[in-house]
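Student: Given chain A, put chain B in place with the hints provided.
Protein chains in written order, with my numbering: chain A, 5 to 278; chain B, 1001 to 1251.
Think of the hints as simulated: they come from the structure by calculation, not from any bench. Since the structure is predicted, the reported quantities are computational estimates derived from the model, not experimental observations. Be careful, since some hints might not be right.
Unchecked claim - Simulated crosslink set (DSS-like; lysine-lysine; CA at most 27 Å straight-line):
| id | chain 1 | residue 1 | chain 2 | residue 2 |
| --- | --- | --- | --- | --- |
| 1 | A | K98 | B | K1147 |
| 2 | A | K57 | A | K140 |
| 3 | A | K57 | A | K264 |
| 4 | A | K148 | B | K1147 |
| 5 | A | K277 | A | K264 |
| 6 | B | K1251 | B | K1147 |
What the hints assert, rightly or not - Cβ pair distances, simulated, as ranges:
| id | chain 1 | residue 1 | chain 2 | residue 2 | range |
| --- | --- | --- | --- | --- | --- |
| 7 | A | E269 | B | E1093 | 51 to 57 Å |
| 8 | B | A1069 | A | P130 | 34 to 40 Å |
| 9 | A | I97 | B | A1069 | 45 to 51 Å |
For every residue, glycine included, the Cβ atom is placed at its ideal position computed from N, Cα and C.
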Amino acid sequence: MAGAQPAASIELTDNAREAARRTAPHVTIRGLTKRFSDATIYDNFDFDIPRGKLMSVFGPNGCGKSTLINMIAGLFPVDAGEILFDGQPLSQIKFGYVFQNYREAMFPWLRAFDNIAYPLRVMGVPKAERITRVEKIVAGLNVKIDLNLYPYQMSGGQQQLVSIMRALIVEPEILFLDEPFSALDYEMTLFMREQLQRIFVETSTTTVLVSHDLEEAVYLSDRILLLSRHPARAVEFVHYDAPRPRTPGTMSEADFISTKAHCLEIFQREVRKG
Amino acid sequence: MKRLQGLLPFVGVAVLLAVWSLTVWARVVDPVLLPSPIATFRAMWIGMTSGKLGVDFLKTVERTVYSTAIAAVIAIPLGILLGSSEKVYRSVEFLIDFFRSTPASAMFPLFLVLFGVGDRTKISVAAFGAALVILFNVAYGVMNARKTRILAARVMGASRLRVLWDVMLLESLPQTFVGLRNGVSLALVIVVVAEMFIGSTDGLGQRVFEAQQLFDMPDMYAAIFAAGALGYGLNLLFLTIERRFVHWSGK
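Next comes chain A alone, as it looks inside the complex (with noise of 0.2 Å):
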């Protein structure tokens, strides 16, 4: 787990305050607790999200990985304990969030443009910025898609695109994906992983992935935060360091088969554990 910094009593030069800020955890969850009816997904739960990472988020189904996420963007209430971003609430911060479920979560009523525009209008951005904006980020992706179609005239990968840029329109300090590519045939997956890929490596925004693809979170991620049934335990924060960007080979190499080995051992004694 990301540890805990030392209290810092004796003074400390500019340039370590400055990388004791950079290696500081992004997220800090204290005493996480919630309950369902029929069960408590989450008991007094503690853990810190690193800063300008990439995290996934496995574990046995319906053990909370989406609840944690939902939690943590505000879109589910907690029954106890605090969120914290640089020791802010969330409502001081600007996050994206993307949906599984891209078909509901985007707007039909409005072109693509004004989808990912759609955030800004909220924020009250006048209209010209919004448009140099939407325009920024979508030529800075590189995306080669036609922005004046509405969501249902587009393929789900082009949908699932435009939704993780109306994410990112916001430049948010952090970025939630539940389950993101799971709607998607598999030829989409591996495009738009590679997709999500670049966008990190050129942002380097704190990233929380969700994923119940296990070959998925470890490509992807610097850290796979693998969870017990519930109510949830942070079991294991694997660590996985292969430089980006990761390619196709990558999943060949001994680092990766071993890390994936690794956590799939830890799931599989969780999973014989419920």
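Tutor: Leaving out everything else, chain B in the frame of chain A:
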């Protein structure tokens, strides 16, 4: 083959006209009761272009449009308001369902007392019936707005009011149009019935009734067809508006 498929909708019409002509020709039914298609359409043409039928047709259109417009103006905002809180809707659901199930024609005597004999009674009873249908559909449209879409807007920082305006309102539009189509059909039914019986001097209902009283069968059939064309036309009008403005409906 493809080109012939486009003609399929006309097959039923052609068969009906053929059976009708055959029936008249073979004198299966008394010709006084069933005039030939030609006599009927001639009566319709003359009535619409130079006779009283055209005037009556426009009168019925006017009443139906007024009542639907009044119903929509009342029911759409109210439906959005009720639908935006499921608790509020549940608390009035019984009332809406009850009055929606009450035949509007049973309300004529009451409205006669309230508004007297005249256009206001006809229009208000029709508006009453249509409003409940529209209200019910709008409220359900708002309540059944996709939860994910609402969450998506919330997660992007949209306030409750903005979610209502930007998401729920647009989400409810397809269902609102279902309500409007059903509402306008019901309004037409009520208006025509009112025109028959509530001391009317004009309107399609009155025309049908009068033609029947005078035993002028071609005129009566002509008025019936005119009413049918009106109903079909109004439905088509709303469908066209829906396709134009609610382009995402069903997608």
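Student: Please write out, lowest number first, the hints stated earlier that are contradicted by the structure.
Tutor: 4
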